[in-house]
Amino acid sequence: MNKYLLIADDNDSILDILKTYVRKEGFFPIVAHDGEEAIDRFINYKPLLILLDVLMPKKDGFAVCREIRQSSNVPIIMITAKGEDGDRIMGLDIGADDYIVKPFSPKEVMARIRAVLRRLDISDEQSQDVIFHPGLKIKLSDYEVLISGQPISLTKKEIEILWVLAANPGKVFSRDNLLNSVWGYEYFGDARTVDTHIKRLRSKLNISENLSWDIKTIWGVGYKFEVKHVEE
Amino acid sequence: MLKNKIAVKLTAGFVVIVLISMLAIGIFFIQMFRQYAFNSRENTMLASARSISLVVANYYQSNSQMPGFGAYMRSLDTLTESKVWITDGKGNLSIMAGMGQGKMGQGLGQGLGQGLGKGNLKNSGPLPKEAENVIQEVLSGKESVSESFSSVYNEATITVGVPIADSNHLIIGSVLLHSPVTGVTETLNRAMRILAISLLAALILAVALGIFYSLLFTRPLKAMNLTALEITRGNYSARTGIYRKDELGQLGNSLDLLATELGSTINQLFQEKGKLKDIIASISEGIIAFDSNLKPVSVNNALAEIMSRPQPYLKEDLEIDLNNLEIEVPLTNVMKEKKSLQLLKDWVGKKLLLTLSPIVDNYGAVTGGVALVQDISESERVEQLRRDFVANVSHEFRTPLTVIRGSLEALVDGTVENSEDIRRYQERMLSETHGLERLVGDLLALSSLQSGKITINKETIHIPSLLADAVKSLQTIALKKSIEIVYRSEHDVPLLIGDYDRLRQLFVILLDNAIKFSPNGTKVSVEYKVLNLNTLLIIISDQGYGISEADLPHIWDRFYKVDKSRKGNSTGLGLAIAKHLMELHNAKVSVQSELEKGTTIEVKLPITN
Chain G
1 MNKYLLIADD
11 NDSILDILKT
21 YVRKEGFFPI
31 VAHDGEEAID
41 RFINYKPLLI
51 LLDVLMPKKD
61 GFAVCREIRQ
71 SSNVPIIMIT
81 AKGEDGDRIM
91 GLDIGADDYI
101 VKPFSPKEVM
111 ARIRAVLRRL
121 DISDEQSQDV
131 IFHPGLKIKL
141 SDYEVLISGQ
151 PISLTKKEIE
161 ILWVLAANPG
171 KVFSRDNLLN
181 SVWGYEYFGD
191 ARTVDTHIKR
201 LRSKLNISEN
211 LSWDIKTIWG
221 VGYKFEVKHV
231 EE
Chain W
1 MLKNKIAVKL
11 TAGFVVIVLI
21 SMLAIGIFFI
31 QMFRQYAFNS
41 RENTMLASAR
51 SISLVVANYY
61 QSNSQMPGFG
71 AYMRSLDTLT
81 ESKVWITDGK
91 GNLSIMAGMG
101 QGKMGQGLGQ
111 GLGQGLGKGN
121 LKNSGPLPKE
131 AENVIQEVLS
141 GKESVSESFS
151 SVYNEATITV
161 GVPIADSNHL
171 IIGSVLLHSP
181 VTGVTETLNR
191 AMRILAISLL
201 AALILAVALG
211 IFYSLLFTRP
221 LKAMNLTALE
231 ITRGNYSART
241 GIYRKDELGQ
251 LGNSLDLLAT
261 ELGSTINQLF
271 QEKGKLKDII
281 ASISEGIIAF
291 DSNLKPVSVN
301 NALAEIMSRP
311 QPYLKEDLEI
321 DLNNLEIEVP
331 LTNVMKEKKS
341 LQLLKDWVGK
351 KLLLTLSPIV
361 DNYGAVTGGV
371 ALVQDISESE
381 RVEQLRRDFV
391 ANVSHEFRTP
401 LTVIRGSLEA
411 LVDGTVENSE
421 DIRRYQERML
431 SETHGLERLV
441 GDLLALSSLQ
451 SGKITINKET
461 IHIPSLLADA
471 VKSLQTIALK
481 KSIEIVYRSE
491 HDVPLLIGDY
501 DRLRQLFVIL
511 LDNAIKFSPN
521 GTKVSVEYKV
531 LNLNTLLIII
541 SDQGYGISEA
551 DLPHIWDRFY
561 KVDKSRKGNS
571 TGLGLAIAKH
581 LMELHNAKVS
591 VQSELEKGTT
601 IEVKLPITN
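Quick mapping for you: the protein sequence lines, in order, are chains G and W.
Counted the way the numbering used here counts, the first sequence spans residues 1 to 232.
Counted the way the numbering used here counts, the second sequence spans residues 1 to 609.
Hints were generated in silico from the structure; no laboratory data involved.
Quick caveat: nothing in here was measured; it's all calculated off a predicted structure.
Treat the hints with caution; some may be incorrect.
Cut-off 30 Å, straight-line C-alpha distance, at most; resulting in silico cross-link-like pairs (BS3-like, lysine-lysine) [unchecked claim]:
1. G/K58 - G/K107
2. W/K458 - G/K59
3. G/K59 - W/K245
4. W/K579 - G/K59
5. W/K579 - G/K58
6. W/K315 - W/K458
7. G/K82 - W/K345
8. G/K171 - G/K58
9. G/K58 - W/K345
10. W/K458 - G/K58
11. W/K295 - W/K245
12. G/K137 - G/K24
13. W/K350 - G/K82
14. W/K579 - G/K82
15. G/K58 - W/K597
16. W/K315 - W/K295
17. G/K171 - G/K216
18. G/K228 - W/K481
19. G/K58 - W/K481
20. G/K82 - W/K295
21. W/K315 - G/K82
Using the sequences plus the hints, can you model the full thing?
Shown next, in the form of structure tokens:
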């Protein structure tokens, strides 16, 4: 499962407000400041939904929407300061699922996001036992992990650790947390077991600088799955 | 044709009148004369007959014993200048013979015949035919007078009969006198001759007069006719040349007056038409007039330009263009419904507004149509600009409003709980409010500058001090970004006339932009030079992000932002205001810029302002 939500707007304050609400709704906000960035982030993160401002530098929202629609049916909600009927119709015609006019209420935006997502068919890509991150796909039922499309051979426990971390990007897990989640409460192993597994996992995954995500060590606490551009 | 001519009619009229009146008078007088002649002759003859009758009666009463009776009888015809017959009571001439002197009647007849028959007639013994009736009448006791024409005398004759009565008033005979009215016929003939001659003279006179009068009438009539024809042909200076005091003269004068009035009216009409033509020609909209068959009959000069055709606009081109405009059907409808219609058409990159109207005459009939062609590309462009401006303004307001509303909601519903975040949200709202305030201020400034209703306080300005002032006011902002403003105010420059506050505002905007679009730790420099003694050149250069060549022409447009992601607290109106401020001071500006290297703005201010 993937909980990324792409927000494209050239105004930082609006991005900030929307980010706050999106996170509160339980999604991971990915932001873009212009049209080109929006397309780039869309390709990398395959977000669940896109909030798209119309007036943006480099490429406007209509162009972005049109381009995305050529390859994807991802839900798109357009946000614009232009409230004229012509613009709404055009936005909806080129493939937007909904249209919100500024100034909007953030709560209304969230309600619309929920409404659009409710109508969505949960397909394979979005099903519960699959997690997507840029360049990473974990399918828990098949115990399959793909990095940039290449299958990686991992043990059951390694996959389970990765699953727990990747399912909650940005969330810090203590070693005990991870032990309980993966091995269960009745397992009385050493917390060091977690460190060993993480180390092995890191080397197998061959995490390098060019990947958009990382398993980070938080000293004295534990680990977290970090994805670049996912705003805190 | 001849009989239609007034001269002929007039002459004929004269002749007929003269003829009738002369003849009437002549015949009347001849009759009068004749009557008189006959009457006097009759009276004479009656008197003679009566005296004869008395003599004859006496003769009988004296038993035929009367001396000289015979001689009297014999000389009777001479005395009476008539033929004399005496009859007995039965009307027989032989009564005379019965009296013993049977030869008398014969003698008388012979004598008379001889006397009056010019000696050739031997005897005219028998009574003329008419005498029979006369005798009968006389014998009944009445006197009788009758007139007749005698072929013998070749004259009119009078027969008079008187009865002879005895002492007992018994009719014993009659006396008949028969005499030609000598000379009457001749006199009448002479009178007739005179009448004929004078009639002829009168006729000649009538013809002459007729011709004279007809000439008198027809000459001015002809002249007037010619004048009228001239006027019809459009020569309003034609005059009849008739100077008379009669009705013809008045008619001529009226005609002349008519020509004068008509001439001046037509002249006025032509002037009006000319004016109208000039007006139509000078109208910037194109005008096409159509006849009732939808054929274009005339166009004005402006049309060719609007339709992007060279002058003169050829008829073939016009027809092709009209076909392409597809106005035939709407024009037909307009002429049918007598209602104007407006159409929008695209024409080689232009937008044309066509107003089609019918031409209706005084009787309500449609005699054609007019198409007014307006090129509304420019007004359309201005309208588009206005729409864009409104949309921009609305956008510029909506964005800060969205931020303020979103932040407020987040604060109110407790989405932000962290005290640090709360403060951040509050500060953001404050800053957006400032932004809105600036936007409103800039919009007001721009609109007052654009409306041209702004007043300039002209004063002498010392530019180095003004620039120093502007630099000083931006020092704080520059320091925040550790940008150094390099300003050298070394040499002095002439004073110039201008509005201090507005010029300061101009340089503040330019400097502010330079600082805003420069990375931290760079330099912005301000310099000035005197060019050609009448121009002051002020150069502001930065080491900022620069402006791309594609953006350069648009930087002075309202709301044009080169890069929206780094707009910061810009309203997008600064340079638009700056442009107007420069226009107010007749300043010229040039911008050189290179991306990532910096921008240099040169403002040329005329000193002789």
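Structure-based check of all given hints:
Restraint check for G/K58 and G/K107: satisfied, since their Cα atoms lie roughly 29 Å apart, inside the 30 Å limit. Note on W/K458 and G/K59: the hinted pairing is violated, with a Cα-Cα distance of about 47 Å set against a maximum of 30 Å. Pair hint G/K59 plus W/K245 does not hold up; C-alpha atoms about 99 Å apart against a cutoff of 30 Å. Between W/K579 and G/K59 the CA atoms are separated by roughly 29 Å; this keeps the pair inside 30 Å, and the hint holds.
At most 30 Å may separate the alpha-carbon atoms for a hinted pair to count; W/K579 and G/K58 meet this at roughly 26 Å. Proximity of W/K315 to W/K458 is assessed by CA-CA distance (about 58 Å); at most 30 Å being required, the pair is judged violated. Taken as a hint, the G/K82 and W/K345 pair is honoured in the structure, with Cα atoms around 28 Å apart against an allowance of 30 Å. At most 30 Å may separate the alpha-carbon atoms for a hinted pair to count; G/K171 and G/K58 exceed this at roughly 34 Å.
Pair hint G/K58 plus W/K345 does not hold up; C-alpha atoms about 34 Å apart against a cutoff of 30 Å. Between the alpha carbons of W/K458 and G/K58 the distance comes to roughly 44 Å, so the proposed pair goes past 30 Å and is violated. For the suggested pair W/K295 and W/K245, the alpha carbons sit about 55 Å apart, so the restraint of at most 30 Å is broken. Restraint check for G/K137 and G/K24: satisfied, since their Cα atoms lie roughly 25 Å apart, inside the 30 Å limit.
At most 30 Å may separate the alpha-carbon atoms for a hinted pair to count; W/K350 and G/K82 meet this at roughly 28 Å. Between W/K579 and G/K82 the CA atoms are separated by roughly 28 Å; this keeps the pair inside 30 Å, and the hint holds. Our distance criterion of 30 Å between C-alpha atoms is met by G/K58 and W/K597, whose separation comes to about 21 Å. Between W/K315 and W/K295 the alpha-carbon distance is near 11 Å, which keeps this suggested pair within the 30 Å criterion.
Distance hint between G/K171 and G/K216 is fulfilled; the C-alpha atoms sit about 11 Å from each other, no more than 30 Å. Pair hint G/K228 plus W/K481 holds up; C-alpha atoms about 28 Å apart against a cutoff of 30 Å. The suggested pairing of G/K58 with W/K481 holds, with an alpha-carbon distance near 26 Å, which does not exceed 30 Å. Between the alpha carbons of G/K82 and W/K295 the distance comes to roughly 48 Å, so the proposed pair goes past 30 Å and is violated.
Only pairs whose Cα atoms come within 30 Å are accepted, and W/K315 paired with G/K82 is rejected, the gap being roughly 48 Å.
Comparing the model with each numbered hint stated earlier shows that hints 2, 3, 6, 8, 9, 10, 11, 20, 21 do not hold.
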